[in-house]
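Please work from the sequences and hints to get the whole structure.
Line by line, the protein sequences are chains A and B.
Residue numbers 4 to 119, in the numbering used here, belong to the letters of the first sequence in order.
Residue numbers 3 to 114, in the numbering used here, belong to the letters of the second sequence in order.
For the record, the hints were derived by calculation from the structure and aren't laboratory data.
Be careful, since some hints might not be right.
Said to hold, decoys possible - Stretches of chain B that chain A covers, calculated by requiring three or more beta carbons in the stretch to come under 8 Å of a beta carbon on chain A:
hint, stretch
1, 12-18
2, 62-73
As the list claims (entries may be wrong) - Okay, derived cross-link-like pairs now, DSSO-like style, lysine-lysine, Cα gap no bigger than 27 Å in a straight line:
hint, chain 1, residue 1, chain 2, residue 2
3, B, LYS58, B, LYS38
4, A, LYS25, B, LYS101
5, A, LYS56, A, LYS12
6, A, LYS25, A, LYS41
7, B, LYS38, A, LYS12
8, A, LYS44, B, LYS101
9, A, LYS25, B, LYS38
Backbone N, C-alpha and C define an ideal beta-carbon position, used for all residues, glycine too.
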Amino acid sequence: DTEVTQTPKHLVMGMTNKKSLKCEQHMGHRAMYWYKQKAKKPPELMFVYSYEKLSINESVPSRFSPECPNSSLLNLHLHALQPEDSALYLCASSQDPSGQSLYGYTFGSGTRLTVV
Amino acid sequence: GEDVEQSLFLSVREGDSSVINCTYTDSSSTYLYWYKQEPGAGLQLLTYIFSNMDMKQDQRLTVLLNKKDKHLSLRIADTQTGDSAIYFCAEKENTGFQKLVFGTGTRLLVSP
Chain A
4 DTEVTQTPKH LVMGMTNKKS LKCEQHMGHR AMYWYKQKAK KPPELMFVYS
54 YEKLSINESV PSRFSPECPN SSLLNLHLHA LQPEDSALYL CASSQDPSGQ
104 SLYGYTFGSG TRLTVV
Chain B
3 GEDVEQSLFL SVREGDSSVI NCTYTDSSST YLYWYKQEPG AGLQLLTYIF
53 SNMDMKQDQR LTVLLNKKDK HLSLRIADTQ TGDSAIYFCA EKENTGFQKL
103 VFGTGTRLLV SP
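Here it is in structure tokens:
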């Protein structure tokens, strides 16, 4: 299995809803990431998990709450989002959290989130 | 974060070569990458180059690196309509974690 699987593919939620995005990989990768991508823009890093521990939070608002229950799963819990949070949310994983290896990321196909 | 710049748009005819350029900022970056994103999809790693290399060839793809000018390019030979997508270069920041910073993206349109 060489994929990163994200669910759901599409999500529409109201500003008072609570929802979760899920990401799963079975490649034995020990680093997992959440990126946010607005239309016509590059992906922007939100969170990095290394060995199931949060290692980077790029000053993301608390209405986004990441969780890494085990080495294969990464969740992003959403609560009280704003319409400007509508975007493509991409999960990725990489083999070596230390940054010493050449390997880039393996990306999932993303969840397209619309906040109404 | 660092600003990694790319030209916005490139249009070529099928069978021509495409050259996508990227200017990065972190001279200590050890690896540089090219990713492809098709509409509505995630990012697919195309190729990478180590910072002590000048050139890398991988089938139809050729990556050139000019460290002095911090300039990276991706050449696609015999461009096909299936190559139409957005291409992002990315540099790995030396933070001790695999933090990739992506360029602004180049939309490649290949016409028949």
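key: Index of numbered hints that the structure contradicts, given in increasing order   = 1 and 2
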